[in-house]
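Residues per chain are reported as follows:
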Amino acid sequence: MTRETILTAVRRGLRRGPLPPDQAAMLRGRMATHPRQLIPARSQLPYPEQIDLFLRNVEKEFGTVARVPDPDSVPAAVADYLAVQNLPTSLVMAPHPELQAIPWSTRPLLTIREGRAEATDLVSVQHAFAGIAETGTLMLPSAPERPTTLNLLADTEIAILRASRLVGAYEDAWDLLRAERNGMPRNVMLVTGPSRSADIEQALELGAHGPRRLHVVLIEDRV
Amino acid sequence: MHTATSPAFKENAHRALADAGLQKALARSGPSFIARRAAAAAALPEFEQLRDTARDIKNHTLANLDFYLEEYEAKLTAAGGKLHWCATADEARDAVLAICRAANARTVTKGKSMIGEEIAINDHLERNGITPVETDLGEYIIQLRHELPSHIIAPAFHLNLEDWESTFRKSHTDLPADRTFHERRDVLIEARTKLRERFLAADVGITGANFLIAETGSSVIVTNEGNGDLTQTLPRVHIVLASIEKMVPTIEDCTSLLRVLARSATGQDFSVYTTFSTGARRPGDLDGPDEYHVVLLDNGRSAMLGTEFQDMLRCIRCAACMNHCPVYGAVGGHAYGWVYPGPMGSVLTPSLIGVDQAGHLPNASTFCGKCESVCPVRIPLPGLMRHWREREFERHLTPGTMRQGLSFWAWFARRPSLYRLATRAAAWTLGRAGRKRGRFAKLPLASGWTSGRDMPAPEGETFFARYAKAQRAGRSV
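Each protein sequence line maps, in turn, to chains B and U.
Taking our numbering, I'd label the letters of the first sequence as residues 1 to 223.
Taking our numbering, I'd label the letters of the second sequence as residues 1 to 477.
So here's chain B without its partners, still in its complex pose (with noise of 0.2 Å):
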């Protein structure tokens, strides 16, 4: 059997047969306590400079955002940036309770389908899990109330993000995951601004395959 063929030639290397019963159970106890390495320490500032340190890393890597003091604010937030950047008002939305409970009706002309993405869909909008502010990153991990194509294929993508879910480094996301989940989700994606490429003469484009913009609305729900 190929398994027992590429084990034993492993091994062979190694210079020694399968561990031992209490390595393995040395190196099972590492894994599921799965310890920390070094953490930068710009990713452990406190509160308020963890949001400064945030929102500049989205905008570094072309992302934009907007800061609203509550849930109420977040339609005419969304409907503000489509009239600006002169996109279509109807959305596609993550079926999640949380932008279900979002009182979209105060801005009639947003028209809204529940679901996962299209391609025909213009703009999604999405339920962050979680944001990093060590790189600005969103954490957007699969679910039936968080389809992973309104990440993919509307051509703008348009993220809330409860400012309580804003975290320092990846790893305090992960343990927020855990926390919450048993197990993995099918897929787990760490979203950093919108898609690019710079596979021409490597300069930078925006919009490769993915959402050419990514928009934050960042809900200030901390104090």
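Worth flagging that the hints you see were computed from the coordinates, not collected in a lab.
This structure is a prediction, so every number in the text was calculated from the model and none was measured.
Idealized CB from N, CA, C, for every residue including glycine.
Some hints here could point you the wrong way.
Below, a list of computed lysine to aspartate or glutamate pairs in the EDC-like style, where the Cα atoms sit at most 20 Å apart [to be verified]:
| no. | chain 1 | residue 1 | chain 2 | residue 2 |
| --- | --- | --- | --- | --- |
| 1 | U | Lys82 | B | Glu4 |
| 2 | U | Lys194 | B | Asp121 |
| 3 | U | Lys170 | U | Glu183 |
| 4 | U | Lys24 | U | Asp163 |
| 5 | U | Lys170 | U | Glu190 |
| 6 | B | Lys60 | U | Asp269 |
| 7 | U | Lys194 | B | Glu118 |
Here are some chain U residues pointing at chain B (derived, C-beta under 8 Å) [stated by the list, open to error]:
| no. | residue |
| --- | --- |
| 8 | Glu46 |
| 9 | Asn64 |
| 10 | Cys86 |
| 11 | Leu161 |
| 12 | Pro249 |
| 13 | Thr278 |
Based on these hints, arrange chain U on the given structure of chain B.
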């Protein structure tokens, strides 16, 4: 496997040096990668420590690779994924084809995968009536041009804008022949539109993996375009191609490596899309593949364990080494003749296809050491290239003239007083002969040097002679 033209490295290099288009592309691309990596490293105070951490994680994993492979398999299977162990490229090709046939695949989209190139999976699928479509922009154009990638993260490194335009005009025949490309953006938009159709139609998506994570049974891809994500999310079946040394123990270990990967590769702090995939769609998911397969390939890696080349297995395929290499910067990637160019290719290729085929590559180095100085996992690349040169010498693969020259020199080097006598005589003779011009445009027995450059004339005494004189006179040199 692609037939390697590595034995023809010297001829390839000569051609590359004379290729004006290639030289224009190299002059533009190399310096920008170098500058951006330097800026990213300077902006992160912990960067050097993180390089040490990255090296240590990889070393630990390699020392326990069998254990982590088994743990990975258990977690992957528990998450509903299927693992296909493949010792050789043949087995990997068979495994991929079998999965595609079972899925009745007609077209297959591909994210960038160097393992895919290594096993020449595109040719294999085409021969069996299945159409592979490369979706990474750089891979897409080289597929249209029937070329190999010339760089492991920027496959179209060797192309200029006019190449993109002419290839698109030739291949996208359904578009108006007289359309104009005003700027790069026009090329990008045309590619985006064309590939969007292919993404949506694909039955199977094949990606590589930057990392495999034993803790969770996950595969990780790192892209800027989003093509890898579209490739793995839209079709019914997702196949991951990964070699065994991609393994890391935990998500936290992977995160530490990710902190040095993008910075070393493109100078970004983090790539746009870093995606962790674990199995097929879950109950209730509205999108995602129905099947998730991992084709896990050995193909010579296990044979490197326990040898002087084990350090090479730490490589995370960032391409920093080739970006900084003066040889790569002069001849580009195609000269190396196979899948992996530059310093990492010079060390890895002989391990995978044999030093008799790839022997020129470790000799195509000045040992300037820049590669090792920028490698995020601190692989001692020049030292490994020297090991290959030693192996070649032992196997009598070194050219006869070089062996003779080395024997000749070694005879003198073992007799220090004779050595000094001979060099003083040579210095005196050449010094006299070259005094008028100060240099030689031609020298007998040295045409390898003088055909391309002048040899400076010695200015009189050897250092040892001058030193001895100064000692006797009681002063410094």
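Here is what the structure says about each hint:
1. A threshold of 20 Å between alpha carbons decides the hint, and for lysine 82(U) with glutamate 4(B) the separation of about 17 Å falls inside it, so the pair holds.
2. For the proposed pair lysine 194(U) and aspartate 121(B), the alpha carbon gap of about 17 Å is at most 20 Å, so the pair holds.
3. The straight-line distance between the Cα atoms of lysine 170(U) and glutamate 183(U) is roughly 18 Å, inside the 20 Å bound, and the hint therefore holds.
4. At roughly 12 Å between alpha-carbon atoms, lysine 24(U) and aspartate 163(U) fall within 20 Å of each other, so this suggested pair holds.
5. As the CA atoms of lysine 170(U) and glutamate 190(U) are separated by approximately 13 Å, the hinted pair is consistent with the 20 Å bound.
6. Of the pairs offered as hints, the one joining lysine 60(B) and aspartate 269(U) holds, with about 10 Å between alpha carbons and a cut-off of 20 Å not exceeded.
7. Under the criterion of a C-alpha separation no larger than 20 Å, the hint pairing lysine 194(U) with glutamate 118(B) is consistent with the structure, at around 17 Å.
8. For glutamate 46(U), the suggested interface contact is upheld, since its CB lies about 5 Å from the closest CB of chain B, less than 8 Å.
9. The beta carbon of asparagine 64(U) is positioned within 8 Å of a beta carbon in chain B (closest approach about 6 Å), and the interface hint is therefore held.
10. At about 6 Å, the closest approach between the beta carbon of cysteine 86(U) and any beta carbon in chain B falls short of 8 Å, and the interface hint on this residue holds.
11. Proximity of leucine 161(U) to chain B holds as hinted, the smallest CB-CB distance being about 6 Å (cut-off 8 Å).
12. At its closest, the beta carbon of proline 249(U) sits 6 Å from a beta carbon of chain B; the interface hint therefore holds under the 8 Å criterion.
13. Satisfaction of the interface hint for threonine 278(U) is found here, the shortest Cβ-Cβ separation to chain B being roughly 4 Å, below the 8 Å cut-off.
When each numbered hint is compared with the structure, no violation occurs for any of them.
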